[in-house]
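J.: Chains as they are written, first to last, in our numbering: chain A, 1 to 356; chain B, 1 to 232.
The set of hints was computed from the structure by calculation and includes no laboratory data. Note that the structure is a prediction, hence the values are computed from the model and not measured. Just so you know, even glycine gets a beta-carbon here, dropped at the ideal spot from N, CA and C. Where hints are given, some of them may not hold.
As the list claims (entries may be wrong) - For lysine to aspartate or glutamate, the following DMTMM-like pairs were computed, each having C-alpha atoms within a straight-line distance of at most 25 Å:
no.	chain 1	residue 1	chain 2	residue 2
1	A	Lys103	A	Glu59
2	B	Lys123	A	Asp76
3	B	Lys123	A	Asp151
4	A	Lys73	A	Glu109
5	B	Lys123	A	Asp193
6	A	Lys167	A	Glu178
7	B	Lys123	A	Asp165
8	B	Lys123	A	Glu220
9	B	Lys123	A	Glu314
10	A	Lys73	B	Glu118
11	A	Lys107	A	Asp76
12	A	Lys329	A	Asp347
13	A	Lys73	B	Glu125
14	A	Lys73	A	Asp165
15	A	Lys73	B	Glu219
16	B	Lys123	A	Glu301
What the hints assert, rightly or not - Covered stretches of chain A, going by a simulated chain B footprint (3 or more residues, C-beta under 8 Å):
no.	stretch
17	48 to 60
18	246 to 252
19	335 to 348
As a plain string of letters, each chain reads:
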Amino acid sequence: MANVSIRDVRKSFGPVSIIKGVDVDIQDGEFVILVGPSGCGKSTLLRMIAGLEDITDGEIRIGSRVVNDIPPKDRDIAMVFQSYALYPHMTVAENMAFSLRLKGVPKAEQGKRVQEAAASLGLTQLLDRYPRQLSGGQRQRVAMGRAIVRDPQVFLFDEPLSNLDAKLRVAMRAEIKELHQRLKTTTVYVTHDQIEAMTMADKIVVMHDGIVEQVGAPLELYDRPANRFVAGFIGSPAMNFIDGRLEKAGFTLASGAVLSLGAQPPVPVGAKLTYGIRPEHLQVMSPGEPDSIPATVAVVEPTGSDTTLMVKVEGGSLTVLLRERCSLKPGEAIALRPVSHQSHLFDERGRRIASV
Amino acid sequence: MSDWLSPEEWTAVRLSLKVALTAMAASVVPGIAVALLLERGRFWGRQALDVLVHLPLVLPPVVVGYALLLGFGRRGPIGAFLADHLGIVLSFRWTGAALACAVMGFPLLVRAVRLSIEAVDRKLEDAAGTLGAHPVWVFLVVTLPLILPGILAGMVLSFAKAMGEFGATITFVSNIPGETQTIPSAIYTLTQVPGGEGGALRLTLVSVAISVGALWVSEWMARRVRRRLLAR
Chain A
1 MANVSIRDVR KSFGPVSIIK GVDVDIQDGE FVILVGPSGC GKSTLLRMIA
51 GLEDITDGEI RIGSRVVNDI PPKDRDIAMV FQSYALYPHM TVAENMAFSL
101 RLKGVPKAEQ GKRVQEAAAS LGLTQLLDRY PRQLSGGQRQ RVAMGRAIVR
151 DPQVFLFDEP LSNLDAKLRV AMRAEIKELH QRLKTTTVYV THDQIEAMTM
201 ADKIVVMHDG IVEQVGAPLE LYDRPANRFV AGFIGSPAMN FIDGRLEKAG
251 FTLASGAVLS LGAQPPVPVG AKLTYGIRPE HLQVMSPGEP DSIPATVAVV
301 EPTGSDTTLM VKVEGGSLTV LLRERCSLKP GEAIALRPVS HQSHLFDERG
351 RRIASV
Chain B
1 MSDWLSPEEW TAVRLSLKVA LTAMAASVVP GIAVALLLER GRFWGRQALD
51 VLVHLPLVLP PVVVGYALLL GFGRRGPIGA FLADHLGIVL SFRWTGAALA
101 CAVMGFPLLV RAVRLSIEAV DRKLEDAAGT LGAHPVWVFL VVTLPLILPG
151 ILAGMVLSFA KAMGEFGATI TFVSNIPGET QTIPSAIYTL TQVPGGEGGA
201 LRLTLVSVAI SVGALWVSEW MARRVRRRLL AR
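Bound-form chain B, shown alone:
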């Protein structure tokens, strides 16, 4: 089985999974927070935040990648700060690929969570308040369990987006085998060299399998959660 894919292809698969899982994990908490802010918050600049979050959805991925390069590159204001003070370098590293994937998947995660927050019956939260619950407790014990299916759906979308992300990643962190060459960039590279069709096809199949697997896992989890929650 292990000789089905070449070592370089295996590296790309492992790297893709690492990047996508990291991007997804890092987005969950900020995603829920932003979804809550946008859905429930009443503050100045809410509209602007909404637009900012959704920008990666409509901008050309290359533009997002270039913006990340400007901001988070070694000479970018944020990138320089992170490198000088915290020793974190993102450009041309797999962590940078994860950041690019997280940014591109973020609007999808936020949208899914927001829809599920919108669907929560506010009376359930009101009731908790009148029964003596602090707002933080209300969120943890009432709201969070109710929006769990939405969070799971958002996580899968974010993961899937990260697995397929190409434009922003290649612009921000390039296409370095073993460091930033994920499955899509590996496929792209393979299609550019003579005799690479076999590898491209194999990686395509792997990509399909991972996507189907992710969907299946999320469906299974959502069904389990829904079984506990469904119907009032």
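The following block holds chain A by itself, in its conformation from the complex:
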């Protein structure tokens, strides 16, 4: 096992800059998730850690070694790909024994270690099959098994669950997390799915446009997003943003509605701000209540465990998440009041300046 250190790493393809100076520290045994929208550079960064892409500038260390010029085979890593990348001409057992065969491990020992890994992943019955005879979930498990058998210093996962259906994805999420808790191998995991990031990671690295927007524990990012991008990216349904300005009475919307602020933000009165509030932190009131935003119900989405409301307000729409069932009908007039101390204020450049 080893820590991984990424220092001011950059990557350009010709004149196009993909990664624009990234610093990340990954502790020994940590489960770190790189998350961001497609094109943010997360997969490229992972491939750079693996040695499958050159590093244009900066330094990557695995353990105490700078690995910039070390080929993938000597980095002591194992990577699991979205497409599984299993060898179609080899059985499950041969796929899993691949790295041992390379190292010249005796056949008996190979068999033993493949059996152990297969047992832990529920693959024992499938060892003689070929990848084409397996389901998506089974293939994913074989790909993980192949990585486990290598017993590397670092596991690298590149969107491993994206090809699976929703139900299987939830099950595999738990399996990978459990696997990490058992093996405690340093893991770097790339996904575009913020739910995967929230549920699995010790630490999340949110990337956007080739830079790191924020690094932190899942709930830290949820509760104290550094900027509007992270605030909008983490959490589902996404945070609501309302434009307005700071007045003496509080945050004033374009419609004239005023929301009182629990604390005075460190900006002068009159400053243009964005008010951010998560869907579950809006309460439904009767119209005309003070300290609320007038709204009209547009869509009601019951999921059984909770209810999502899409409501229209002047100049836009908001999402409300109710933990209880509700009898609201589309077209009904309501008012929304933020739960106190759960809102964030962002300045014009998108930075969070206060939580109120």
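On the provided structure of chain A, position chain B as indicated by the hints.
T.: For chain B alone, coordinates are given in the frame of chain A:
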């Protein structure tokens, strides 16, 4: 059965098979290497190599044969070197016929192999690298088995081209019975002499049979390979 074809016709058939098999066998390894270079290589002159390899496909075969005569003939720079230092003479020998056939079939072989290399999922090779495999090992254990159907297809094309090659061969090594007279040149000769139609027809049938047989064998081999490889 043996008196179905005249001894001269038998000679042409045997010679054709020898020339075609030699041309095919000699092209396989260079063909794979060139296909890899063209598909994966990033080097100066790649475009030029690509054009050079494909030239025999578009040039008149007679031109290729004449170019071979200039280069590999007894007085050609390469031919003289081979004859003086290694004792290898190509002009007007069956080996020269094999060279002409190999050159003419080479672009077909390279194209088939290249297409199959292009179809290989690079992630499979990447994965092997991250699992600790040296690039040579990756090629032998991962890439080569995956492109085997393409190699087989290329070999059949190369063989078929060699069986039918006429213009380059006759220009480079002439039409010497027993040495360089392959089935196509024998058919050509037979059609030029009175009473040769019977022989020409017989050789034509032999030619068709060999081609069909080659296709059948390649299909059978490709199916066997595909059965092991198909679908991820």
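J.: Now tell me, hint by hint, if it's right for this structure.
T.: Hints and how they fare:
Proposed proximity of Lys103 of chain A and Glu59 of chain A is contradicted: the alpha carbons are some 28 Å apart, above 25 Å. Taking the CA atoms of Lys123 of chain B and Asp76 of chain A, the gap is about 18 Å. The hint holds against a cut of 25 Å. For a cut-off of 25 Å, the pair hint linking Lys123 of chain B to Asp151 of chain A stands: about 20 Å separates their Cα positions. Restraint check for Lys73 of chain A and Glu109 of chain A: the C-alpha separation of about 21 Å stays at or below 25 Å, so the hint holds.
At roughly 22 Å between alpha-carbon atoms, Lys123 of chain B and Asp193 of chain A fall within 25 Å of each other, so this suggested pair holds. About 17 Å separates the Cα atoms of Lys167 of chain A and Glu178 of chain A, which keeps this hinted pair within 25 Å; it holds. For the hint linking Lys123 of chain B to Asp165 of chain A, the alpha-carbon distance of about 22 Å falls within 25 Å, and the restraint holds. The hinted pair formed by Lys123 of chain B and Glu220 of chain A fails the criterion: a straight-line CA distance of about 35 Å is larger than 25 Å.
Among the hinted pairs, Lys123 of chain B with Glu314 of chain A is inconsistent with the structure: their alpha-carbon atoms are about 50 Å apart, more than 25 Å. Straight-line distance between C-alpha atoms of Lys73 of chain A and Glu118 of chain B comes to about 23 Å, which keeps the hinted pair within the 25 Å bound. Distance hint between Lys107 of chain A and Asp76 of chain A is fulfilled; the C-alpha atoms sit about 21 Å from each other, no more than 25 Å. The hinted pair formed by Lys329 of chain A and Asp347 of chain A fails the criterion: a straight-line CA distance of about 35 Å is larger than 25 Å.
Taken as a hint, the Lys73 of chain A and Glu125 of chain B pair is honoured in the structure, with Cα atoms around 11 Å apart against an allowance of 25 Å. Between Lys73 of chain A and Asp165 of chain A, the direct Cα distance comes to roughly 32 Å. Violation of the 25 Å bound is thereby established for this hinted pair. Simply put, Lys73 of chain A and Glu219 of chain B have alpha-carbon atoms about 37 Å apart, too far for the 25 Å limit, and the pair is violated. Simply put, Lys123 of chain B and Glu301 of chain A have alpha-carbon atoms about 41 Å apart, too far for the 25 Å limit, and the pair is violated.
With a cut-off of 8 Å between beta carbons, the stretch 48 to 60 of chain A has 3 residues touching chain B; three or more are needed, and the interface restraint holds. Only residues whose C-beta sits within less than 8 Å of a C-beta in chain B count toward coverage, and the stretch 246 to 252 of chain A has 0 of them, not enough to reach three; the restraint is violated. Closer than 8 Å: that is the beta-carbon criterion, and the stretch 335 to 348 of chain A has 0 residues meeting it against chain B, so the requirement of 3 is violated.
Of the hints listed earlier, those the structure fails to meet are numbers 1, 8, 9, 12, 14, 15, 16, 18, 19, in rising order.
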